[in-house]
Amino acid sequence: MFVLMIIVFIVGYAAIALENKLDVNKSAVALIIGMLMWTIYVMGGVDILSSGLSSAWNDYIANNPSNNSATDMLNFITHNEIYEHLKDISSILFFLIGAMTIVEIIDRHQGLKILTDKITTRNKAKLLWIICILTFFLSALLDNLTTTIVMIAVIRKLMADKTNRWIFVSMVIIAANSGGAWSPIGDVTTIMLWIGGQVTTIPLLKTVLLPSFVTLLIPLLIITPKLKKRGILRPSSTDLERIEFSYKERLIILISGLSCLVFVPIFKTFTQLPPYVGMLLALGVLWIITDIIHKKKNDDIKKQYDASRIIRKIDTSTILYFLGILSAVAALQSAGQLAIASKFFDEHLGNIYFIDLAIGFLSSTIDNSALVAGSMGMYPLETSNAIGYAAHFVQDGTFWGFLAYCAGTGGNILIIGSAAGVAAMGLEKISFIWYMKNFSRLAISGYIGGAIVYYLIQLLH
Numbered sequence: 216m217f218v219l220m221i222i223v224f225i226v227g228y229a230a231i232a233l234e235n236k237l238d239v240n241k242s243a244v245a246l247i248i249g250m251l252m253w254t255i256y257v258m259g260g261v262d263i264l265s266s267g268l269s270s271a272w273n274d275y276i277a278n279n280p281s282n283n284s285a286t287d288m289l290n291f292i293t294h295n296e297i298y299e300h301l302k303d304i305s306s307i308l309f310f311l312i313g314a315m316t317i318v319e320i321i322d323r324h325q326g327l328k329i330l331t332d333k334i335t336t337r338n339k340a341k342l343l344w345i346i347c348i349l350t351f352f353l354s355a356l357l358d359n360l361t362t363t364i365v366m367i368a369v370i371r372k373l374m375a376d377k378t379n380r381w382i383f384v385s386m387v388i389i390a391a392n393s394g395g396a397w398s399p400i401g402d403v404t405t406i407m408l409w410i411g412g413q414v415t416t417i418p419l420l421k422t423v424l425l426p427s428f429v430t431l432l433i434p435l436l437i438i439t440p441k442l443k444k445r446g447i448l449r450p451s452s453t454d455l456e457r458i459e460f461s462y463k464e465r466l467i468i469l470i471s472g473l474s475c476l477v478f479v480p481i482f483k484t485f486t487q488l489p490p491y492v493g494m495l496l497a498l499g500v501l502w503i504i505t506d507i508i509h510k511k512k513n514d515d516i517k518k519q520y521d522a523s524r525i526i527r528k529i530d531t532s533t534i535l536y537f538l539g540i541l542s543a544v545a546a547l548q549s550a551g552q553l554a555i556a557s558k559f560f561d562e563h564l565g566n567i568y569f570i571d572l573a574i575g576f577l578s579s580t581i582d583n584s585a586l587v588a589g590s591m592g593m594y595p596l597e598t599s600n601a602i603g604y605a606a607h608f609v610q611d612g613t614f615w616g617f618l619a620y621c622a623g624t625g626g627n628i629l630i631i632g633s634a635a636g637v638a639a640m641g642l643e644k645i646s647f648i649w650y651m652k653n654f655s656r657l658a659i660s661g662y663i664g665g666a667i668v669y670y671l672i673q674l675l676h
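Numbering (our numbering), first residue to last: 216 to 676.
One thing to keep in mind: the hints can contain errors.
To be verified - Here are the simulated DSS-like cross-link-like pairs (lysine-lysine), alpha carbons at most 30 Å apart as the crow flies:
1) K528 - K517
2) K644 - K328
3) K341 - K377
4) K441 - K236
5) K652 - K377
6) K302 - K558
7) K644 - K333
8) K341 - K421
9) K483 - K528
10) K339 - K328
11) K372 - K421
12) K517 - K236
Everything labelled a hint here was simulated from the structure, so no lab data went into it.
Only a predicted model underlies this, so the values are computations on that prediction, with no experimental measurement involved.
Starting from the given sequences, assemble the full structure and let the hints guide the process.
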């Protein structure tokens, strides 16, 4: 059963990658593999946990030595592990629902039109640089997932052609993940390392900002000459968009919505509550603001622009895709397959740079938060007086800074390698194969280039 879980995961990912050829929705496949893997885990739970490969079970039994029967093992999976992981998964899903709804509210009230009207260039290369640089710094302030959702909404207002949108959105994924890697609140992995005490803000910025920017810069420099200078076709206005709100109303919605998004990481910093709490609080505030604006509108407009109607328009299939994929990865983490992978790297690589690079490449297929969590458990935080090899694992040590970089940017290699990529895949229906053919090599070149810059920075210290 232990091996069967791996086989199901690989077959499922292959089906997701070949979605267009198989003509089967990836969300359906993700749900199947996510739920099926937990089913297999339960069916073979006694054998899997008895093997001693599950670090979660080993930790549990260390604290509860008398609970070691077959019934206890099954109860551990069905009443402990699945709910423990559901807590983390639901946090991401609630966050995603809140962020998508806030962006949709801003968009439906024509708030994004204020931004897109300021961008008048028809030069594709210039526009791409503007979008990518904006995404890079915005993702450090918000986070890579929220920024990707916002920028996709902006890009949809700027261009109608699907191929051009896919190119721009793919570069937004790279920019968002690169921007999130150097900020303690820019990515779930840096948040984990920051809260865990492995990294602090200023050292992280000093060592990871430049490598992260190089990770974006190299793909930008490669792709820019390939773009035609002009030819951007903007989408035509829909009937709904012709029902104009006043400029003041649009501005209020835009400022309120963006302020709500910026509020989320600040709220997280001061309260230590999960980010979804701040996101849903922000959504509630924006909801009330829109209700106040609608008071003087006629009933038809109230119905069309009411937040309760808008929330039905978000891409539910993307939410379900996240649910399935994260559930599948959680099963692998709980059963012990991810721990085996981490130990393999440690035993066969034995160099902190190679280990982190390998984790980055692995994060292109496996959830990076699970890999970072596994690394944090596998490599304890050393005291400040540690010497030799252990010195790399002190707070702000080389291993942790490079892990933040690799785990954050390695997900660029495949579109399924990051929350930003998965969201973009769902929202824009970008094909896994198309991204791999057109952007995986670009992402790898940026990833390796940034890693070299990080290494050089360490040599100069």
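Going through the hints against the structure:
Under the criterion of a C-alpha separation no larger than 30 Å, the hint pairing K528 with K517 is consistent with the structure, at around 16 Å. Among the hinted pairs, K644 with K328 is consistent with the structure: their alpha-carbon atoms are about 23 Å apart, no more than 30 Å. For the hint linking K341 to K377, the alpha-carbon distance of about 19 Å falls within 30 Å, and the restraint holds. Of the supplied pair hints, the one linking K441 and K236 holds, its CA atoms being roughly 28 Å apart against a limit of 30 Å.
A hinted pair counts as satisfied when its Cα atoms are at most 30 Å apart, and K652 with K377 qualifies at roughly 17 Å. For the suggested pair K302 and K558, the alpha carbons sit about 26 Å apart, so the restraint of at most 30 Å is met. Taking the CA atoms of K644 and K333, the gap is near 27 Å; set against the 30 Å cutoff, the hint holds. For the suggested pair K341 and K421, the alpha carbons sit about 28 Å apart, so the restraint of at most 30 Å is met.
Distance hint between K483 and K528 is fulfilled; the C-alpha atoms sit about 27 Å from each other, no more than 30 Å. Using a Cα cut-off of 30 Å, the hinted pair K339 and K328 holds, with the two alpha carbons roughly 19 Å apart. Distance hint between K372 and K421 is unfulfilled; the C-alpha atoms sit about 35 Å from each other, more than 30 Å. Proposed proximity of K517 and K236 is contradicted: the alpha carbons are some 42 Å apart, above 30 Å.
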